[in-house]
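Colleague: Residue-level listing of the chains:
Number of protein chains: 2
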Amino acid sequence: VAERALTFSPAVAVPGDAAVPVAPSRGRLRPLGIGEVRLAPGFWHERQERNAEATIGHCRTWEDRVGWTGNFRAAVEGRLPGDRQGRNFADSDVYKLLEAMCWEFGRAGDGDLNAEAARLAAEIAAVQEPDGYLNTNFGRAGQAGRYSDLEWGHELYCYGHLIQAGVAALRGGAAGQLFEVARRAADHVCAEFGPGGRDGVCGHAEIEMALVELYRATGEARYLEQASLFVERRGHHVLDDIELGRDYFQDDLPIRQAGAFRGHAVRALYLACGAVDVAVETGDGDLLAAIVRQWERTVAARTYLTGGMGARHTGESFGEDYELPPDRAYAETCAGIASVMLSWRLLLATGEPRFADLAERTMYNLVATSPALDGRAFFYTNTLYQRRPGTVPSRDEASPRAHASLRAPWFNVSCCPTNVARTMASLAGYVATVDDGGVQLHQLTACTLTPALPDGRTLGLRVETGYPWKGTVTVRVEAASGGQPARIALRVPAWAGAGAVLHGPEGSAPVGPGYAVVERAWRAGDELRLELPVAPRWTRPDPRIDAVRGCVAVERGPIVYCAEIPGDDQGHLDGLAVDTSTPPVEATGAASTEAGGAIHLTVKASPLSEPGTGPSAGLPYGERPAGGERAAHQAATEPLPLIPYHRWGNRGPATMRVWLPEAVDTATS
Amino acid sequence: VAERALTFSPAVAVPGDAAVPVAPSRGRLRPLGIGEVRLAPGFWHERQERNAEATIGHCRTWEDRVGWTGNFRAAVEGRLPGDRQGRNFADSDVYKLLEAMCWEFGRAGDGDLNAEAARLAAEIAAVQEPDGYLNTNFGRAGQAGRYSDLEWGHELYCYGHLIQAGVAALRGGAAGQLFEVARRAADHVCAEFGPGGRDGVCGHAEIEMALVELYRATGEARYLEQASLFVERRGHHVLDDIELGRDYFQDDLPIRQAGAFRGHAVRALYLACGAVDVAVETGDGDLLAAIVRQWERTVAARTYLTGGMGARHTGESFGEDYELPPDRAYAETCAGIASVMLSWRLLLATGEPRFADLAERTMYNLVATSPALDGRAFFYTNTLYQRRPGTVPSRDEASPRAHASLRAPWFNVSCCPTNVARTMASLAGYVATVDDGGVQLHQLTACTLTPALPDGRTLGLRVETGYPWKGTVTVRVEAASGGQPARIALRVPAWAGAGAVLHGPEGSAPVGPGYAVVERAWRAGDELRLELPVAPRWTRPDPRIDAVRGCVAVERGPIVYCAEIPGDDQGHLDGLAVDTSTPPVEATGAASTEAGGAIHLTVKASPLSEPGTGPSAGLPYGERPAGGERAAHQAATEPLPLIPYHRWGNRGPATMRVWLPEAVDTATS
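Quick note, the sequences are listed as chains A and B, same order. If you read the first sequence in this note's numbering, its first letter stands for residue 416, the second for the next number, and so on. If you read the second sequence in this note's numbering, its first letter stands for residue 416, the second for the next number, and so on.
I should point out that these hints are in silico values taken from the structure, not numbers from a laboratory. None of the values given here were measured: they were computed from a predicted structure. We put the CB at the ideal spot given by N, CA and C, even for glycine. Treat the hints with care, as some may be off.
[Unchecked claim] Far from chain B, some chain A residues (derived; all Cβ distances over 10 Å):
1. Asn827
2. Gly852
3. Thr873
4. Ser923
5. Arg1066
[As the list claims (entries may be wrong)] Restraint ranges, calculated between C-beta atoms of paired labels, are given here:
6. A:Pro925 to B:Glu658: 18 to 24 Å
7. B:Asp655 to A:Asp656: 26 to 32 Å
8. A:Gln558 to B:Thr476: 39 to 45 Å
9. A:Arg810 to B:Gly1067: 51 to 57 Å
10. B:Gly611 to A:Trp567: 41 to 47 Å
Could you build the full structure based on these sequences and the hints that come with them?
Modeller: Here is the structure:
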């Protein structure tokens, strides 16, 4: 990995004005910005529209309602700390909302939205102190002192989101003073925490990647140096030990020595993003290789089928290897988003399709799961097994807790909704790249692409597909300048195995997972058609994952399925086993014609055998013979409907389950 | 249950001066006090001696060192709140220590210990305010006001432990002013929280059972009435909603409506104890039946093989039914102790052996697990699967966290060590009972019994046994007065199945689980001998417990076994499957001759098959065929040593596992 990663390719440097969330100056691939990729109607376009129409405004309304935007006015009016609302990090959610507004303006050009963002930016600017310090929660009379609580204060974390918003404002071309506010804050951080300054890091990584992006946007080396300092400083016990342990904020081990992501999942993944950014900009192959190694182990042993990361509610953290309980999956929405951010950075740096594969899995099965169909309520945690319908959050109150059986409109800790908003608004920035030889389509979604190739040629491409529901992806060349050959690469997802076929101008051929590449002097009207085998399939876990031993899941294309039983009753999902002797079938009739073309499935299920009545005085343990449950499907089976996991919880209280115990016919084994 | 429970038997009322932790005035059985049961050398005697010699002094030393005893002196000297040490509830641990000292004095009569306890009691008495209020954390200038934070303040919880210590002082006949201090505090509580007073309950149940015991000790009905009021008041949302949810402190549902124990395990179980006490004293069969119903469901679906309760680290709480992950078992030591306290109360009320069975399981596999072999370090949580050796707590510092891979000498929240101390000191009070017809031996441990039967007769019995390692329990009559027949009942544990035989003066007969009863006009020299089948056995879980599906555990007699691999390396316990085609065998040689006669076992294990390399881009999921791991033991097997679970963690860092994946030979199924 180190060797390949060091093969940087300066020729594909991102133009300074490209509207991209991540703009590495080197790497294997250059991202296409949200101006070069336009989503067309389909799975992600629908969600991006809903984000624009509902989610961004919803977040603004709630941030006003709970007083987090008001904190800035209260600061100017001298009403702090008395009138301050929200937790330490409330400022950051205002910044994440601003980032979403900037990307959305960059994408759709809504002047009213830009004006609103600029007004909000002005209110924030008014709070910034002469030395650049900016936080509504620290430093005033009656408040704790600046940087007096690096473990939990989140001041640098808040700057990180401010700086990301500022970069979005710069690249989206809008939002008034926001970029300058962010830059002054970054200058303050460099002065305060630079060499010879405070020897600290933030309890929540985030500023690292923000500073690198600011470096990329401005060319000012001190931002990169400060980011590098933060990345390397952490892990040497610079923060206090806490009840959750120092691994909670990755201060247990220097980043190059760790073997896997650990501790608080969002913190760990944001830190990894920053480390990749530093590694790429400084040409540090060792650091990049360390993160790739940690990613590999994390994916191999600490990642849910949905791409979700974080197995523990306690500390919102990664657990040990193979500790992946479906019922207690934390799998925070923000961790899924952070994982996509990391996958994207690793893809750009290395060009390896495995990173795009994980991003796809995580996008469809975690990021898409969080928002409700109306875009106005969100899952914070993303369980894979809802045993009981549980409590339903009010649509009129902020939820006091992260975990709920249905989506909540807002949370006391409400990082997820604004993270969804900024991700959906910038989604087109995660679809395609170019390199010296051509263009790569990583996410198979309907869109138009107008990449400026590094050598100055332009291509106009239209991608048509009903993916993920349908397996056909057509790429049509609508415009091509120059007559030199260029490559078009389509990602063939890992899940397709050996079943994909590419039809091109020069014939058809089976294509394996990775990239199907056609090099050609393209002419308008040329077409590539990728056919992917989207039949439903059974998926089984590594036997070391205790929590789902003996279970199967169902996937179809990139989509993970689940059984959902709506209703207040507990349902009976904990007493079923599925018959895997025949494949899942696609549902027909009403159930198969849901909006958006989502395909539903049906499997056959039967009751789990009753446990034996061993001599255990009422306990669920006994001298029951082995394999008791395995004869289960000899009993009558009944059809069990499955829906895409990302659609669950939209029909009121329900029980839900991704992994289903497998009935094995003892007579046939 | 209700009907049987209402068959109270006033004839067996406990004498007012009996040294028992629980002294119901009615019920099926009367407990024998620590003066009537003397443990003889063996499993529990060894632990009681260690408690007396090491643990009690260890707790005193640490409470001085961390300043919790010093809080009382600081209060008298006007140095609060500045000098206060510890969490809100630090006072309670001083009271639990005092309770342990009182029982220990009652048991062994050590005058120095009593004098020390009396001095400590005097320091506490000096802090009590004229109206009976007593707490080092509230009510002074600079402190929060009295009862200003019922959710988290723990004031009533602290009184609960003070009152239990006071009752122990009264019944143990010692510790100076302690009883009077407790009584004044109880009077204050009745005045403050009685009818027309504050309409609140404590965020942590505990005072309920303490007030009932004070009623039993004094005959003052107002204490019982106050306890009843607290029990019934909870569950009506009298406390604030909190992030963990109102079920955390059982304020979600009135106690009669709940279906199972839920929320914080210790809180739930302490509350249930208080409810049983109230039900028994008020003759409320409905309330008793509600608790029995909740106990049944909790045992059937929310209890670990070790008897441990509390499946979640978050909120130290019960999870949903069948949510019993071994790796993340919280199974707090205090919850195990609380479960034994509850089982004992239900046994006394109903006479049903299932409660004694659960107490036995919990005593041997949870309560005995907490203290280290030297009695100076403790498990707070009791996992069933230690995946990695993890961090080792310092023996010189209080642990900042509950969860650790080895026992810690003390904790920032240190409820468990003093709970162990008071339980071990009063252990003899949980062994045997009498009723109108005779004596019942519930725990099969070496001891002498001198029960005063209700009709005035006396019996002198000696129990000799190497239980739990050996299956022979001999009861010898050493003295018998009067010539009337009396019954001697020996509990035959549920685990014995149909394999037990009782040999008595009139012959031998197989005896099933429950009580083997012999009625006879006993004469000195008569002997009963119970033979229990202590061969190792495989135990399998209910198939609804996802986390251990396809696994087996090994038990022998009442003892749960585990595999432990000492050393800093991760070991390879996560990659093994066991061959269950032959039974576990008892180890011979050095491994079988450990102190205390503990028996070690050996099973055959082989590597889990490698997971298939499905097309999942590095994830641990794929289209692997079913049953891949089931062919595992066709590979070479190797012996895997097992030790009693309660002995694990005494050999330095280690991995450990109770539930082991089962290799199934596909050729034979």
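Colleague: Take the hints in turn and mark each one as holding or not.
Modeller: The hints, checked one at a time:
no.	hint	verdict
1	Asn827	violated (7 Å)
2	Gly852	holds (24 Å)
3	Thr873	holds (32 Å)
4	Ser923	holds (21 Å)
5	Arg1066	holds (21 Å)
6	A:Pro925 to B:Glu658: 18 to 24 Å	violated (53 Å)
7	B:Asp655 to A:Asp656: 26 to 32 Å	holds (30 Å)
8	A:Gln558 to B:Thr476: 39 to 45 Å	holds (40 Å)
9	A:Arg810 to B:Gly1067: 51 to 57 Å	holds (54 Å)
10	B:Gly611 to A:Trp567: 41 to 47 Å	holds (43 Å)
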